[in-house]
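Peer 1: Chains A and B, in that order, are what the protein sequence lines are. When we follow the working numbering, the leftmost residue of the first sequence carries the number 26, and every step to the right adds one. When we follow the working numbering, the leftmost residue of the second sequence carries the number 26, and every step to the right adds one.
No lab work stands behind these hints, which were simulated from the structure alone. Positions of the beta carbon are idealized from the N, C-alpha and C atoms, including for glycine. A couple of the hints might just be wrong.
Stated by the list, open to error - Here are the in silico distance ranges between beta carbons for each label pair:
| no. | chain 1 | residue 1 | chain 2 | residue 2 | range |
| --- | --- | --- | --- | --- | --- |
| 1 | B | GLU455 | A | PRO425 | 25 to 35 Å |
| 2 | B | GLU260 | A | ARG314 | 31 to 41 Å |
| 3 | B | SER329 | A | ARG314 | 46 to 56 Å |
| 4 | B | ALA241 | A | VAL490 | 51 to 61 Å |
| 5 | B | GLY593 | A | ARG598 | 54 to 64 Å |
| 6 | A | LEU571 | B | GLU662 | 26 to 36 Å |
| 7 | A | ARG581 | B | GLU585 | 36 to 46 Å |
| 8 | A | SER661 | B | GLY593 | 19 to 29 Å |
| 9 | B | THR499 | A | SER536 | 33 to 43 Å |
| 10 | A | ASP113 | B | ASP453 | 49 to 59 Å |
| 11 | A | PRO366 | B | GLY334 | 56 to 66 Å |
| 12 | B | ARG486 | A | ALA142 | 49 to 59 Å |
| 13 | B | GLU455 | A | ALA72 | 34 to 44 Å |
Claimed, not checked - For the chain B half of the interface with chain A, some residues (derived, Cβ under 7 Å), not all of them:
| no. | residue |
| --- | --- |
| 14 | SER343 |
| 15 | LEU421 |
| 16 | LEU663 |
| 17 | ALA667 |
Stated by the list, open to error - Pulled a few chain B residues facing chain A out of the computed Cβ check, cut under 7 Å:
| no. | residue |
| --- | --- |
| 18 | GLY119 |
| 19 | LEU121 |
| 20 | LEU349 |
There are 2 protein chains.
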Amino acid sequence: MPEAPAAAALNALMDPRSVAVVGASSNPDKAGGRPLQYMVQTGYEGALYPVNPNRAEILSLRAYPSLADLPETPDVCVIAVPVDRVEDYIVQCGELGIRSAIVFASGYAETGREGLARQERLRAIALANGMALAGPNCLGMLNARTGAAPTFTTALERGPMLAQGPIAFVSQSGAVGAFLLGMIQDAGLGITHFVTTGNEAVLDLADYISYLLEDAHTRAIAGYLEGADGARLVEVAKNALARGKPLVLMKVGASRAGAAASAAHTGKLAGVDAVYDAVFRRYAVTRARSLEELLDFSRSLSMSVLPAGAGVGIVSTSGGAGILLADWCERLGLDVVDLAPETVERLRLALPWFAGRRNPVDTTGRPLWEPEMMHDALRAVAQDPGVDVILCHVGLAPGPGRRIADELVRAANAVGKPVLVCWLREVDPEPHARLGRSGIPVFSDPVRMARAASVAVSYVRSRGVARDRTVAPTIAVVRPVPGGPVVAEHDARRWLVAHGLTGLSEELARSAADAVAAAERIGYPVCLKLVSPDVPHRSDIGGVRLGLAAPEEVERAYDEILASAGSGAPQARIDGVLVTEQVTEPGVELIVSGFRDQAFGPCVLCGIGGVLAEVMRDTVIRPAPVDREEARAMLSELRGAALLQGARGARVADVGAAASAIVLVSELIAGVTEDVETIEINPLLVLGEGRGIRVLDALVTRKAREAHGRAR
Amino acid sequence: MPEAPAAAALNALMDPRSVAVVGASSNPDKAGGRPLQYMVQTGYEGALYPVNPNRAEILSLRAYPSLADLPETPDVCVIAVPVDRVEDYIVQCGELGIRSAIVFASGYAETGREGLARQERLRAIALANGMALAGPNCLGMLNARTGAAPTFTTALERGPMLAQGPIAFVSQSGAVGAFLLGMIQDAGLGITHFVTTGNEAVLDLADYISYLLEDAHTRAIAGYLEGADGARLVEVAKNALARGKPLVLMKVGASRAGAAASAAHTGKLAGVDAVYDAVFRRYAVTRARSLEELLDFSRSLSMSVLPAGAGVGIVSTSGGAGILLADWCERLGLDVVDLAPETVERLRLALPWFAGRRNPVDTTGRPLWEPEMMHDALRAVAQDPGVDVILCHVGLAPGPGRRIADELVRAANAVGKPVLVCWLREVDPEPHARLGRSGIPVFSDPVRMARAASVAVSYVRSRGVARDRTVAPTIAVVRPVPGGPVVAEHDARRWLVAHGLTGLSEELARSAADAVAAAERIGYPVCLKLVSPDVPHRSDIGGVRLGLAAPEEVERAYDEILASAGSGAPQARIDGVLVTEQVTEPGVELIVSGFRDQAFGPCVLCGIGGVLAEVMRDTVIRPAPVDREEARAMLSELRGAALLQGARGARVADVGAAASAIVLVSELIAGVTEDVETIEINPLLVLGEGRGIRVLDALVTRKAREAHGRAR
């Protein structure tokens, strides 16, 4: 992992007072021309130094023959030369004490081994000199506040420069980054910084986010990820949480998270991407699923005031849009509150007689012509004690748009609660610009506004719950995991019992007579189960027989199981048939499993297990280990949590014992050697309150791909 | 319901060759000025007749003192006068044989009884004269093809007129309609017609849709609904299906659908809006949940070729956007196909060496500068036999945008498969306009493009399955429903048994001794259940005891049930305790229920029942009655369908018997008197194959609000 350069170097890169461009060109279609042209256009007030030995002047700026000739040491050096000349310049930057550099060129790690070596050399030079190096293979960056634009993205050719505002964007993709910049322009979003990270030879996404967490002008950070180191991501997420600065991340690419656990049920149930959700949730990171969501969510999360609760007041110039908003707010878990009688009375005074004065408030179209009416209505609703956030649908304002914007701003400022507005862009850009400058987010679709508001409410709620859990293990791994790529039921169960869980009375039988004798010792009823390292899901091939109450039944079941195995899995090695006690006590079947995620390491999952497992696909994941409080929280987050709480007259389950089992499994996966991929209990039978749990079946898998391949 | 005026009258309204405006004004801020001004701007080629006794000329058009003075009978008369003068003009229109009129004024049914009477008079005059009357209280309409714009919506003040294209919009809301029109403008969407329906005194949403179904220029119809008559909606949906013309509807306002069934479980499980989903699904109507979806979905559904299957080819100038699209396509159930070796070879020849030639294809940014490369790549992918629809991410095109558009059009025309494009608007509008004219839908966000594509795939699939089922009842209602607002278990069950379902051996006991005697006759084990008209969900208060295997247990259970009832529902009337056989045979518990929906009438629901019902909330609804084939389809659509198919070694359930029970309940709800609101079996125990079903519990509710109130 890159070691972070000093803060001063990073600051020189992100907020430069002077910018040198090597490979400077007056041709605006060239990578060495664009940054200069853009910075001339933005009115960047820092010093601009084109470096080009063949020109005296570029774009009316004095050009210098070499970096050594500059009148001062620039804060950042933009390296806009072909790949084979980059290294020399980086060396020179180091010698001259230039603290940061941006490398546009491609031809590095993305092209293969030779390129990787080239990149490693850049990295070594930069680190040796404490230089903050951005890229290579990046589009550069933008500081909207100062107009510093050391970037060659063509997005800036499309039109006006970016508006200033409280959001910072960091993208791991150049092309997606440029597209995003276009979307930001089209949406009129105000930003502090925009960064593309390129190949991340030195500075990576987490470094930029860490910088932005310290940046006073940035209120929310939006990131586009294609892949990142889990531990580093967790670190910045923790920092963001500690600073109360919202982080919105969009992650593309199906992660391999679940793949490791695919031999067990865990992978199938949880889906490949669930670990990101779990980690994001734990640290109150908001997840965006599309670029529009990335924009919308960062917009609402960057408001200067966030909603204190889920109470929504809707003020709409259109009855239909009000109903639509109310529908969606309910669907999104927001509370379309009943307005207090005083609020309704105020609205009566403020609005025409034919207006709707209940929530959603239908102002009618009149405020579009009499903007003070908009102020009065908005203010009345916002002052209602039940209202935490206000959604205002203006729609289209053919009349005095600027005055409407002013009245909205006046009302929002007066009440100190967050206001979101839905309003299509007018021919006159000024109304939207005024709202933007006042930190009021504007949307072009009511549903997107409602969703952005709900995300802000969720963020505040999860920020309150989330905390940095450093869980001290309560148990030690007292016995090594038994050998083999797949550890079958009784071995796995015995290993878990050795760590404190309750198993079953059981004996392994290798003949029908053996099985009957075992059953007599254990006591009827019993179960018979095929034992084979090659058949992880025995019930699929008829390898499990339950409720055997007499010797004849045991004998017959034994023979049938072997026959089933012979036809259902003819290649499988058979170790015997396990005779176990049959637990007749009613309970709820869970799945509890520990597994190893590629990005985030050990994780623990609990879910509805047994035959319902795949039908319900109801699981909750956390990074492991967890403590009892978090284990209980996991259980309560299951959609099927009611099953544990005694749904419809059933007995309340021993949730405490289930939580303890989750804690144990989480500590085991965190404590065992790295070759263990999954420790899965399915089903874990949770008995009635005070009666504990029973491990009915268990499976441990190890890294050994060939063996897995054969077993499936 | 309005009776439809003759087709010729509707045609005069929607495609007028001449337009008169009464209340005509040269002030473009007035309702009588705007339509004239707009039609002057659009270059409408029909005749325009301002009617104003005080002016000789309006907007350079000759004005006429009265309708009687016009040189011809206009096709449509726009009535832009205050409400109190409207009726006289409508009378006059009738006398003059004017076939259609549009009334802008408000002050009708929306304002109360007097307004309603006023509206009824308009309606009577219009119907008497066979006049197609639009409104009152509407914004009018637009014909983008001819430029006829008899509307006063301010949306048209925002900028250019609408592009021509294959989509028609109908909105029941004026304000939302205007907003939608703004969105249509901003998105550059091409349309045929745009209609706001207003109060629907004569013509309603269904009439306009029926017209548009016949309109040769309209390929897809998008509607915004606030409320509509279910039967009329079903009628147009059937017609749309028969004509193969996609219908996209957005419905706001939580419907009261589920409310009627709220005393039973049905309402809680299905949610208030599920019936719309069910009806839309049956007739292949695409449902939009937001205005953006209404635009996006109608855009993809109006393509001249729709996808023949779910195979997607992704061609992206950005690797990241390609991954994002692939992620989403998978999530949306599309198939990101493996490209054939020949395709990969063609791509190798077409693209730079460092391009990605697997699906999603990463063209790199080069085609943005060499547009023929875009053509070649797109064509190669589109010709792959596995590919049914192509998603092309252009992103931003700083280079030759028009040529890129031309090459995309050339490739799309050559292959005859649907192509969707994601491309932010350029400064030059021409590239997007060219794509639009060629019927290639353009999106500004990759995820929205993917979702729109998936909707087109779903439409084609569901159009193939959907058909107009006229189900002939197979049974007659042989016994009237027993009396009372809530018919308790044994009465309800007996009634169902009388119609052919299998119940349980049972006796009602009024003392512990009675209960024991009954148990002895029925045979152990037995169940005891509280019988009270006031406690529909007995297990919630401990009113159910299962698995009683001996006389002492029955005696104790009886006493405990009465004690529980005394504390849990002290006000409840107690009829006794039912002693029933306990079915020990394993099976799957379903809920099957018939209920009456406010908009669509009798419906049938099946779902996972018993204790899992509320945990899983897994239900499927259809309009009732259904036949066996549809009942089987309902069962297979359950998320928990695997439970019936013998999940993980369990026995396969008697799906045929379950389907028969659904058919029966669907016919009962369709056949009984309207006061019966719900007929609910929960649980319906589905035994193993060939073993049939058992009605374990049932409930019938009637309209009788007070009684319900007390019972809950």
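Peer 1: Against this structure, judge whether each hint is valid.
Peer 2: Cross-check of the supplied hints:
1. In this structure the supplied range 25 to 35 Å holds for GLU455(B) paired with PRO425(A), their Cβ-Cβ distance being about 34 Å.
2. The beta-carbon spacing between GLU260(B) and ARG314(A), approximately 38 Å, falls within the hinted interval of 31 to 41 Å.
3. Taking 46 to 56 Å as the suggested C-beta distance range, the pair SER329(B) and ARG314(A) does not conform, at roughly 31 Å.
4. A hinted range of 51 to 61 Å for the beta carbons of ALA241(B) and VAL490(A) is consistent with their spacing of about 59 Å.
5. Evaluation of the 54 to 64 Å hint for GLY593(B) and ARG598(A) yields a pass: the beta carbon distance comes to about 56 Å.
6. In this structure, LEU571(A) and GLU662(B) meet the distance hint of 26 to 36 Å, their C-beta atoms being roughly 30 Å apart.
7. The beta-carbon spacing between ARG581(A) and GLU585(B), approximately 40 Å, falls within the hinted interval of 36 to 46 Å.
8. Between SER661(A) and GLY593(B) the beta carbon distance is about 25 Å. The supplied range of 19 to 29 Å therefore holds.
9. One distance hint, 33 to 43 Å for the beta-carbon pair THR499(B) and SER536(A), is violated here, with the actual separation near 55 Å.
10. The given range of 49 to 59 Å is broken by ASP113(A) and ASP453(B), whose C-beta atoms sit roughly 40 Å from each other.
11. For PRO366(A) paired with GLY334(B), a C-beta distance near 59 Å keeps the hint of 56 to 66 Å intact.
12. About 51 Å separates the C-beta atoms of ARG486(B) and ALA142(A), a value consistent with the hinted range of 49 to 59 Å.
13. For the hinted restraint 34 to 44 Å between GLU455(B) and ALA72(A), the CB-CB distance of approximately 40 Å keeps it satisfied.
14. For SER343(B), the shortest C-beta to C-beta distance to chain A is roughly 3 Å, which falls under 7 Å, so the interface hint holds.
15. Nearest Cβ of chain A to the Cβ of LEU421(B): about 5 Å, under the 7 Å cut. The hint holds.
16. Taking 7 Å as the C-beta cut-off, the interface hint given for LEU663(B) is violated, the closest approach to chain A being about 9 Å.
17. The closest approach between the C-beta of ALA667(B) and any C-beta of chain A is roughly 5 Å, which is under the 7 Å cut-off, so the hint is satisfied.
18. Taken as an interface hint, GLY119(B) does not check out: its beta carbon lies about 30 Å from the nearest beta carbon of chain A, beyond 7 Å.
19. The interface hint given for LEU121(B) is broken, as the beta carbon of that residue sits about 33 Å from the closest beta carbon of chain A, more than 7 Å.
20. Residue-level restraint check for LEU349(B) holds (minimum Cβ-Cβ distance to chain A is 5 Å; threshold 7 Å).
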